[in-house]
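Asker: So the chains spell out like this:
There are 2 protein chains.
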Amino acid sequence: VNKIVECVPNFSCAKDTQAVEAIVQVVRESPGVKLLDYAPDNDHNRTVVTFIGDPEHVAETAFRLAKKAAEVIDMSQHKGGHPRMGAMDVCPFIPVRNVTMAECVQLSRTVGQRIGEELWIPVYLYENAASAPHRRNLADVRKGEYEGYFEKIKDPQWTPDFGPKAMNARSGCSVVGARFFLIAYNVNLATDRMDIGQAIAKKIRFLNGGLRFVKAMAVKLEERNQVQISMNLVNYDKTAIYQAFEMIVMEARRYGVTVVGSEIVGLVPLAALIGSLDYYLQLEHFSMDQVLEHKLSE
Amino acid sequence: VNKIVECVPNFSCAKDTQAVEAIVQVVRESPGVKLLDYAPDNDHNRTVVTFIGDPEHVAETAFRLAKKAAEVIDMSQHKGGHPRMGAMDVCPFIPVRNVTMAECVQLSRTVGQRIGEELWIPVYLYENAASAPHRRNLADVRKGEYEGYFEKIKDPQWTPDFGPKAMNARSGCSVVGARFFLIAYNVNLATDRMDIGQAIAKKIRFLNGGLRFVKAMAVKLEERNQVQISMNLVNYDKTAIYQAFEMIVMEARRYGVTVVGSEIVGLVPLAALIGSLDYYLQLEHFSMDQVLEHKLSE
Chain H
29 VNKIVECVPN FSCAKDTQAV EAIVQVVRES PGVKLLDYAP DNDHNRTVVT FIGDPEHVAE
89 TAFRLAKKAA EVIDMSQHKG GHPRMGAMDV CPFIPVRNVT MAECVQLSRT VGQRIGEELW
149 IPVYLYENAA SAPHRRNLAD VRKGEYEGYF EKIKDPQWTP DFGPKAMNAR SGCSVVGARF
209 FLIAYNVNLA TDRMDIGQAI AKKIRFLNGG LRFVKAMAVK LEERNQVQIS MNLVNYDKTA
269 IYQAFEMIVM EARRYGVTVV GSEIVGLVPL AALIGSLDYY LQLEHFSMDQ VLEHKLSE
Chain S
29 VNKIVECVPN FSCAKDTQAV EAIVQVVRES PGVKLLDYAP DNDHNRTVVT FIGDPEHVAE
89 TAFRLAKKAA EVIDMSQHKG GHPRMGAMDV CPFIPVRNVT MAECVQLSRT VGQRIGEELW
149 IPVYLYENAA SAPHRRNLAD VRKGEYEGYF EKIKDPQWTP DFGPKAMNAR SGCSVVGARF
209 FLIAYNVNLA TDRMDIGQAI AKKIRFLNGG LRFVKAMAVK LEERNQVQIS MNLVNYDKTA
269 IYQAFEMIVM EARRYGVTVV GSEIVGLVPL AALIGSLDYY LQLEHFSMDQ VLEHKLSE
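Which chain is which? The protein sequence lines are H and S, in order. Take the first sequence: its position 139, counted from the start at 1, is 167 in my numbering, and no numbers get skipped. Take the second sequence: its position 146, counted from the start at 1, is 174 in my numbering, and no numbers get skipped.
Fair warning: there could be bad hints in the mix.
Copies of the same chain are indistinguishable here, so a pair counts whether it falls within one copy or spans any two.
Stated by the list, open to error - No farther apart than 30 Å at their CA atoms in a straight line, the calculated lysine-lysine pairs in the BS3-like style are these:
#: 1; residue 1: Lys95; residue 2: Lys323
#: 2; residue 1: Lys231; residue 2: Lys96
#: 3; residue 1: Lys62; residue 2: Lys95
#: 4; residue 1: Lys31; residue 2: Lys62
#: 5; residue 1: Lys171; residue 2: Lys62
#: 6; residue 1: Lys323; residue 2: Lys96
#: 7; residue 1: Lys243; residue 2: Lys323
#: 8; residue 1: Lys43; residue 2: Lys323
#: 9; residue 1: Lys230; residue 2: Lys95
#: 10; residue 1: Lys107; residue 2: Lys266
#: 11; residue 1: Lys107; residue 2: Lys180
#: 12; residue 1: Lys266; residue 2: Lys180
#: 13; residue 1: Lys266; residue 2: Lys31
Keep in mind the hints are simulated off the structure, nothing from the lab. Here the structure is a predicted model, which means the values were calculated and not measured.
The whole structure should be built from the sequences, with the hints applied where relevant.
Answerer: Structure (structure tokens):
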């Protein structure tokens, strides 16, 4: 049984295309991993890289990426719209196949320690790898950003998990951790009224009493003249796609609004699709092994 | 883009385990193909073998299988409950990925010709490869079976497509062709009344005015005390799983009967699952390339 881990590091560069290429090239040249995607965002001056492979090769590649980022990025010169605190700003490990969350937590600790000790960059563990509850949420860890961390790092509440106890002026700090696969899922409504969209988003999301693993907000689609409920499903195993969809249908009904369509943005694991089809077709004992493509990828 | 064809030959042996092993071994030893399954049925004295690979290697393996079957099976001694007319009784080629039906038809013609000319076995083309409408349906071609074919082969309507114009007493004839992927799909009803099941099956199936690519019959599940609508979906691209399911829900309603569950038996292509999930979630522009496992199998 081949183990597969996904890794989605974010780097604080985009406009410097040579730096981006140098970083992506690390993935291309590393054995045992496959580059799935990379997306430089010039407004944010930030690049998201997605690659997969077996745990050992993914860990080695993640470390090489942190090293390359430290070489080609100077945080003291960085400007961009997205919150950030380091050259390799954040690096999550995500279980994809035959891998537990515990293994990914261990992986993030191993890689985090190497970055701290070998590259002399302060490292914080987050999400499922967090060493304390107040460090779980990425937004909380990142508050103050690169500029603010020269002070924040001295606060005993924010002593790094690995590496030096003082800021690395060139590379900043890195946030490393383990989380579940995140599905970006949007549902489009037959209305242009943002107040209705916002009311529905509130009923859906965890924050306001909705589904445990759903983050949601309303967005106006100007060219379609429709309101969209834009969601992150952060644990599709526990809160499935169909639950989010059907709950929106149910809430929209109160306003006489119907659902026009929905869209999955980016990658989605087969198990998340089957989990929802299972519900609609009332499938009895269906197994992933019955999917032809799944057998082919083994 | 790697092309994938599935091949599901049926052999007239099962009780002779040495013969079965010799046949399966051919697939195991052939390069470029992967054995997915083999299922000897002693009551029918018949073994179904499933393998996949690129078109060229699948074609070569299919020919080697016909040759091995001719070596290890003597049809003049064969007894079994299932209709049959040859050692390698039937051999369909099925498009799975990046392959057209036309390519599979051509493949079946190439293999059929080799079997006819090199092994001196009469070959009939069927389904999408059929050379005449009355040869399309396998049951029509097979009527008379091995024993009857010594006469039937002399009928100008039933001149073989390839090979000798007279019966091969040892190996019989082979039926080779191309068809779509077949999904075995069952829906279980909250009733034990076979008359209701039969009435629903009639409304669903093509034969009696139902869905174009659905074969259906009612079956009693004794241990569950339920009636099942047992179906073959013979072109999931044109008649999707959800259509069969929802039409049964709709017909059952007339009798106050609900659907307890459904099951997919054996393998199913990812595209068939997505085709149905698409409907329920009203997905907009979803692509197979977004499925993680699909990317892995490329």
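Asker: Each hint should be assessed against the structure and marked as holding or not.
Answerer: Comparing the hints with the structure gives:
1. Lys95 to Lys323: Between copies only: 28 Å across chains, 37 Å inside a chain, cut-off 30 Å.
2. Lys231 to Lys96: So lysine 231 and lysine 96 fail the 30 Å test inside a copy (44 Å) and across (65 Å) alike.
3. Lys62 to Lys95: Within one copy only: 19 Å inside, 41 Å across.
4. Lys31 to Lys62: both (13 Å within a copy, 21 Å between copies)
5. Lys171 to Lys62: neither (32 Å within a copy, 53 Å between copies)
6. Lys323 to Lys96: between (36 Å within a copy, 27 Å between copies)
7. Lys243 to Lys323: between (33 Å within a copy, 27 Å between copies)
8. Lys43 to Lys323: Close across copies (29 Å), not inside one copy (41 Å); limit 30 Å.
9. Lys230 to Lys95: This pair counts as neither: shortest intra-copy Cα distance 42 Å, inter-copy 67 Å.
10. Lys107 to Lys266: For lysine 107 and lysine 266, the Cα distance exceeds 30 Å both inside one copy (38 Å) and across copies (53 Å).
11. Lys107 to Lys180: within (20 Å within a copy, 83 Å between copies)
12. Lys266 to Lys180: neither (35 Å within a copy, 61 Å between copies)
13. Lys266 to Lys31: Within one copy only: 22 Å inside, 36 Å across.
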